[in-house]
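Line by line, the protein sequences are chains A and B. Okay, so the first sequence: first residue is 1 according to our numbering, each after it adds one. Okay, so the second sequence: first residue is 1 according to our numbering, each after it adds one.
Keep in mind that the hints are not guaranteed to be accurate.
[Stated by the list, open to error] Just some of the chain A residues that point at chain B, by a computed CB distance under 7 Å:
{"no.": "1", "residue": "G50"}
{"no.": "2", "residue": "H97"}
{"no.": "3", "residue": "R100"}
{"no.": "4", "residue": "R101"}
{"no.": "5", "residue": "I105"}
{"no.": "6", "residue": "K111"}
{"no.": "7", "residue": "V128"}
{"no.": "8", "residue": "I129"}
{"no.": "9", "residue": "A130"}
Hints in this document: simulated from the structure, not taken from any laboratory. Even glycine gets a Cβ: it sits at the ideal position worked out from N, Cα and C.
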Amino acid sequence: MRCYLTSLFFLKKNEPRDNFLKMIKMSHVYKVYPTQIEALSDVNLEISDGEFTYIYGASSSGRTTLIRILYGAEKPTRGEVIVNGMDITAKGFNKIHLLRRSMGIVFQDFKLLRDRTVSENISFALEVIAYQKKEIRKRVSEVLEKVGLHQRAKDPILALSAGEQQRVAIARALVNNPPLILADEPTENLDDQMADEVMRIFTDLNQKGTTIILATHNKELIQRYPYRVIYLLGGRVDLKTKGEQKEGE
Amino acid sequence: MKYFVWHLVRRAFLNIKGNLYPNLSTVGIIAISMLVFSSFTLIAFNLGSFIKIWEEKIEVVAYLKRGTPIQEVETLLENTRLIEGIESVRYISPFDALGFLESKLGGHKDLLEGIQPGILPPSFEIELKKEYRNSTRIKEIISRLKRFPQFEEIQFGQEWVDTFSALVHLMNLTQWILGGLLLIAMIFIISNTLQLTISARRDEIEIMRIVGASPIFIHVPIYLEGLLQGLFGTGLAIFLLYLLQEIMMLHLPSSIQMWTVKIPIHFLPPEIILQILIGGMLLGLFGSFIASMRFLRYGD
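One chain only, chain B, in its complex shape (with noise of 0.2 Å):
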């Protein structure tokens, strides 16, 4: 058995060898290929974890009435510490509101002489718990404290999470559309290629039916060979993007890059290069299939 597999695998290594060319081409198309497809998904991933680092910084901030009696403020604390996915809650009032934004001037806090500090609202900075920060989550804590009559106007940034949301989900769109449509090609050029190779290979095919190789003998190095095309392909494709992302940090703008520095641009997890790998290997492997059924049939 062991040497059987082992006679398997040198067969398709052989075929590989024994028409490089078409085998070479076919591995630098699957490369552009998936190159084209981890981009998207490198790009999808970084906005990903940027609106998770957004939404870990998320707090959201309630202002209160003028003239709210300290009586009912203080209840009103008490009963948003209740609601559900509220880590902490502090009151801001208009002083310290107004002691903040000189702070946050700093050199121009001059610009604020004259002004009273009644003109500021009070207001409650809500801290949320962690599984709370998402946008769906988020709006099931906004629409509770909306209950509260109490409060004016209720804020958490919600335009910036739902474009990007939407931005992201874009993204994955687009990288499924377009990533379908290079599978499709991939699948196609697989499938010619290993055509080609069977098509050179015709004679000995036929001596292998003659002399009654099993036709696992004769199909499972065309699969191995399509598998090894899609490992090679999405191999490669995965260390260019990881050269091109490299030389693309290197040749960043000095004020992007301090942008790098709060939202750091990371490569893809392992996890996920795994993922793209298996999908290559995959989709090597259907090619393989394509090109055995239509030129293999058993018993010719």
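Just chain A, with the same shape it has in the complex (with noise of 0.2 Å):
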């Protein structure tokens, strides 16, 4: 539904209604590195809203590649790609920065001010897009009761245990509420425990209705929570093995 409402501004006027309840659609996609080396090779692929999806591939497959094209940070060398109403492949397409707000970022090496609190990293995600101070210290509050670390509120990052960084790393994702979560190998560094209590809070999200894609090669992780898989094989997507499937069929 929130997906909706941000679709609204962004869809073009001819557009297919079908694209509104797509969070992400990617067409013919290539990525060229100016190195000649080929990250990805026609990807065409459609993810829903309210969809929980792992991208699976091993090194080199492209999943990161892929994942950073979705928020901006990479430009396909061909191929459209929509995320949550967004033609971010458009001729002129500047809203990166209104794309980044309708999605929560989560990386494998938690990418947090070391030299900060837990709810300074936090609020820094909100400071930056100029929210009032009342609204942010709310939010703040409302995001660390959700990832159960409103206890360490006031310490340093780097008192944290590494599942606990990752969680803060979560939970500014998720400090600005967003439609969409990418996260990408966010339980790489993590020992079973720590990732399973990352993985609960992906799935309690995707519960209430947040997209959640999720890069990993982590074979294990899809195993014990089972959601969409779509595989990546050499820059492609590898429906000849295993196809795009939901895990279990």
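Using the hints, build the complex out of the two chains.
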């Protein structure tokens, strides 16, 4: 539902109504780096609003490139990408900051400010998009509750375990209440117990309607938390071997 | 909106505070460069004022040919008064000229003993209107005076005016050439310091981008930082220049101090100070613009 509201601003006049229901649509997307390495080749995929989807692939399969394209850090060499109603490949598209406000991004290396506290790291995300102080305090407190870190709000980041740091990163991604979460290997540096904590947060969010796209190469994780999987092999969506299917189908 | 602007300014100050030493060194370098530039401005300004004072006192003396009949002198006096730009004309007879010489010699007036007034030529002392007391317009009046054949010689201290004008011109030229080089160096220094600042805040900027900070929010504090560096550096330069001038004035030899009574040495007027400050700020802004262009590309 939230996705539809933001889409209203960005959907083009004659765009099919079907796009309205899609959180992500990639059509014939290619990415070739200047070194002539082809990271993605003719990728076509659709992810609906409220879905939990894994992007699964080994190293160099193109999954990080795919995630980076989705949040506008990379431009595809060719093809069309629509995220949350915004055609980010359209000529002259210059609303990357608005695109990023409509999503939360979680990284393998957390990307936290190491010289600040837990709550400062989260409130920073709202400060830079000019939220009022009162609203920031309220939201930070809510989101810390959600990830179970409300007791550690004033602790410096370096005093936290890796799993807790990742939960702070998730809290930061959630604080703006986005309809979409992109997570690039969020459990990679965590032990099983911490990974489970993180996955439980994602599952909870998804159940409340947030679209989750999680890039991973961890088969075990997919087996423990079975959702739709998009397999990437050598930069292509691998339909021949496993296909784009629901785990367990 | 007010909150947003406040936030940008606060962020700029936080950036400066967070990278205090690189910022202080940049402010110091800007101060030294601007001190050199404003020193030249001060010298050129004072030479210019000196020329203005001198031009205000300028008087044209037209010497008449000996033996010019008195009737002709009267007509000439009338015609000279009619020339545009002339305020007043006074006839100085040979007797007046001798009297003037005697008064100038004071106790040594006996040196003039035996000298007949007839050897001194009669002359016109011509006072010019204020707006005509500059080298270009004086030359116009001189050329009109030269049309009267009764004048043997016309003096107005042209050499002095020309020499001083050339000196001021040279000062201005040096100021702008040297200033130009210093300004380029300043832009280079400011942009490099800001690159260091940006580099030190790489993680923070990356997170700002990830969470959707607008380009204005990321770039404007950097521009403000450059602007403030320029302002503080130039302000410091002006302050140092003032101190230097005061110290110099205190330690001037008494012979030169006497000169400064007649030709006062001024500090830069507020409008020039303001221009220099704005110039410094614009340079800072330009330096920060270059730094952000090199390091911050939209969408990274």
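(request) Find the hints from earlier in the document that the structure breaks and name them by number, from lowest to highest. (result) Violated hint (a single one): 1; every other hint is consistent with the structure.
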